[in-house]
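Based on the hints, put chain A in the right spot on chain V.
Those protein sequence lines, which keep their order, are chains V and A.
Residues in the first sequence are numbered from 1 upward in steps of one, following the working numbering.
Residues in the second sequence are numbered from 1001 upward in steps of one, following the working numbering.
It should be emphasised that the hints constitute simulated quantities derived from the structure, not laboratory data.
There's no promise every hint is true.
In silico DSS-like pairs for lysine-lysine, Cα to Cα no more than 30 Å straight-line [said to hold, decoys possible]:
hint : chain 1 : residue 1 : chain 2 : residue 2
1    : A       : Lys-1032  : V       : Lys-89
2    : A       : Lys-1177  : V       : Lys-8
3    : V       : Lys-89    : A       : Lys-1153
4    : V       : Lys-89    : A       : Lys-1261
5    : V       : Lys-89    : A       : Lys-1034
6    : V       : Lys-263   : A       : Lys-1036
7    : V       : Lys-263   : A       : Lys-1006
8    : V       : Lys-263   : A       : Lys-1009
9    : V       : Lys-8     : A       : Lys-1093
According to the in silico footprint, chain V covers these stretches of chain A (three or more CB under 8 Å from chain V) [stated by the list, open to error]:
hint : stretch
10   : 1072 to 1083
11   : 1119 to 1125
Here the structure is a predicted model, which means the values were calculated and not measured.
Glycine residues also receive a C-beta, built at the ideal position from the N, C-alpha and C atoms.
Now for the letters of each chain:
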Amino acid sequence: MKGDTMLKIFQRLWQVNWAEQWQYRANLMMYLLYWLVSPIIHLAVWTSIANVNGTVSGLTANDFATYYLLLLVVDQLTSNITIHIFAYKVQDGTLSGELIKPIHPMLTNTLVNNIAFKAIMLMGFLPVWIVLNLIFRPDFSAVTWQGILLAVPAIILGFMVNFLMSGVMTSIAFWTTRVYSINEFYFAMFVLFSGQFVPLQLMPKAIQTIAKYLPFQLQIYLPIQLIQNRLSPAEIAQSFLVGLIWLVVAIVLFNWVWRNGVKRFSAVGA
Amino acid sequence: MPTTIKVEKLSKTYQVPEREGGFGAAVQSFFKRKYKDVKAVQEVNFEIAQGEIVGFLGPNGAGKTTTLKMLSGLLHPTGGTANVLGFTPWELKTEYLRSMTLVMGQRNRLSWDIPAADSFLLGQAIYRIPDDQYKQTYKELDELLELEPLMKKPVRNLSLGERMKCEIAAGLLHRPKVLFLDEPTIGLDITGQSRIREFLREYNRRTGATILLTSHYMADVTALCERIIIIHHGNLKYDGSLNDLSRRIAPFKLIGVRLGKLNGHDLSLYGVPVQNEEDAEKHYIQVKAEDVTQVTSRMLSELPIHDITIADPPIEDVIERAFNE
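So that you can see chain V by itself, here it is in the shape it has in the complex:
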């Protein structure tokens, strides 16, 4: 397919999905609250502890403040809602309408829907983020342009791996209706190994070592560390290599699960 045709498809998909997301404003506010609560609690707790003790495992109150404030942005950029906007379509048969269109339902429409969701969430989130910065007054002096530039490909990589892995789990809906519990398990692993709850430095050494070889830290820990210039060139190279390997794994897995899943699709209902 020619590039400009694809571009036009994505442009129109964007218009449709952007308009759709605006229809769910109230729903989005709920998501926003849900997604803000846990990092803000962690932020408050850890900065208080560090203020009393001076440091926690070498991390100061400012380290925690910058970590969680960056986490709020990075998490939003790398996370995805695929399972919530796709799995039910397999179960109630509404996927039929998308399968007969000459574009891939997951890699076009669902992808754009995810991006539209992010865009609108970030808009709602920006004022909250500014207020949080005024309250905690973090010192971002460790952040450099080079760090941010390195974090951009890491965030894209993190999102792509995460999106495809979610696509794999969502496609399991072709076999069983229990996709949500599989997703919960994946999320538990994510919480443990990504740096979502606490910076990985605070985790036991064994967890830190395992985390280096898993895809989860691509989504949180790696981009934050890059933005703050905390990694050596060797560590950066290794993290990107691990990320690229996971991307290949995710692509292969997704293709296989999708191809075989669609064969099992029973197009129930209309």
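Chain A in isolation, oriented as in the chain V frame:
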């Protein structure tokens, strides 16, 4: 005319989980699931030539929709082959998807929460329709279906019939060569139904497209299809002209009357009394088609009639009769 659709021994068996009610059965099914095979379509064969409009009939659960889903590529069959426009449908090749359409139900191509106009423009991009062709096709569709007033409202706020019109139009923007239509006139008022019929006939005439449609409205079938295919319990029961079938299966009409008093009048003198649960106030009799005029005038002169109707037997009855014979 070249063959557009060729189906050989096409079969689909669904595996449906099955268990008794109750706690014990629930626990048991957790460890060992029992499945029942449901044979939705069994070794069906037919060919449809380019430009034909074929009615695909059968009672609910006969396997019509399953067949349409296989031919449009949504379902993988458990046996047999199908070839449409030279493609195997369930390979879902882009070229194939761009040259056919499936209109099924009301929630297929249109996004529920936004105006249909946006979904139409998305369709234009997805099917790579050049601007001038898009405008031309849209104009034609608008003339026949009066789409313009509906385009700017969110689809969820449209009535059933309005949605169906938009759904059909959205499915035809790319001028498909093959149309699979599952109940295309469902939910439409009489004018809407005849508009769609007119439109399909015109579309078929102008483009030479092949159309396979299911409908529970006899009028759709009589107006459009010279040929019908009947399936029942997944088996092909009849493939031929509609006239032949009607002559063979249902050469009768239903006369319904509302009487001042039934006392003393025996309707079985005029025809075979039949039950109609939908309209308990009327009494119905079945009469041979060629006797209708004569019987009606006799009834009008001999009975205290308030109201009288003459109708074709319902399509379901005709088909049901076809299998029972």
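Against the structure, the hints:
Restraint check for Lys-1032(A) and Lys-89(V): the C-alpha separation of about 27 Å stays at or below 30 Å, so the hint holds. In summary, the hint linking Lys-1177(A) to Lys-8(V) is supported, as the alpha carbons are separated by about 24 Å, within the 30 Å threshold. Using a Cα cut-off of 30 Å, the hinted pair Lys-89(V) and Lys-1153(A) holds, with the two alpha carbons roughly 24 Å apart. For the hint pairing Lys-89(V) with Lys-1261(A), the CA-to-CA distance comes to about 56 Å; that exceeds 30 Å, so the pair is violated.
For the hint linking Lys-89(V) to Lys-1034(A), the alpha-carbon distance of about 26 Å falls within 30 Å, and the restraint holds. For the hint linking Lys-263(V) to Lys-1036(A), the alpha-carbon distance of about 20 Å falls within 30 Å, and the restraint holds. Simply put, Lys-263(V) and Lys-1006(A) have alpha-carbon atoms about 21 Å apart, close enough for the 30 Å limit, and the pair holds. Between Lys-263(V) and Lys-1009(A) the CA atoms are separated by roughly 19 Å; this keeps the pair inside 30 Å, and the hint holds.
In summary, the hint linking Lys-8(V) to Lys-1093(A) is supported, as the alpha carbons are separated by about 21 Å, within the 30 Å threshold. Counting residues of the stretch 1072 to 1083 of chain A whose CB falls under 8 Å from any CB of chain V gives 5; the rule of at least 3 is met. Three residues within the 8 Å Cβ limit are the bar, and the stretch 1119 to 1125 of chain A against chain V gives 5, so the coverage statement holds.
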